[in-house]
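**Q** Sequence:
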Amino acid sequence: MAITLNKSILPAIMANAHASGLITAESSSTVAVYQISRYWRELFQTATRHRSDLLPQWNEKEVAAAKIITSALLFLAMEGCRNVEQLIIDTVKADEK
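Take the sequence shown: its position 37, counted from the start at 1, is 37 in the working numbering, and no numbers get skipped.
Treat the hints loosely; a few may be bogus.
As the list claims (entries may be wrong) - Quick list of simulated restraints, FRET-style, between CB atoms:
1) S27 to R82: 15 to 21 Å
2) S28 to S8: 20 to 26 Å
3) N6 to W40: 23 to 29 Å
Rather than coming from a laboratory, the hints here were simulated on the basis of the structure.
Backbone N, C-alpha and C define an ideal beta-carbon position, used for all residues, glycine too.
With these hints in hand, go ahead and build the complete structure from the sequences.
**A** Rendered as structure tokens:
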């Protein structure tokens, strides 16, 4: 199953961030940068390979890494990135060189 970032995942991430109170209409994208930092520290300082309490089918390291990714996607959405999928493809291709 393909993940469509632009049409399904990004709107869900934004909706969840608004619903949880993490961001408001006036929030800066700095909020997402702080989230990335928080989950990065969690990944390297406290996350283990034990099952996650939040998502038992995954381990704590996997969940923390996924939270870093979703926080980075939140940042891109808040910065007004119009085509995250293409940005990722272009970045991967640029890294191949």
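**Q** Against the structure shown, which of the earlier numbered hints fail to hold, in ascending order?
**A** Violated: none.
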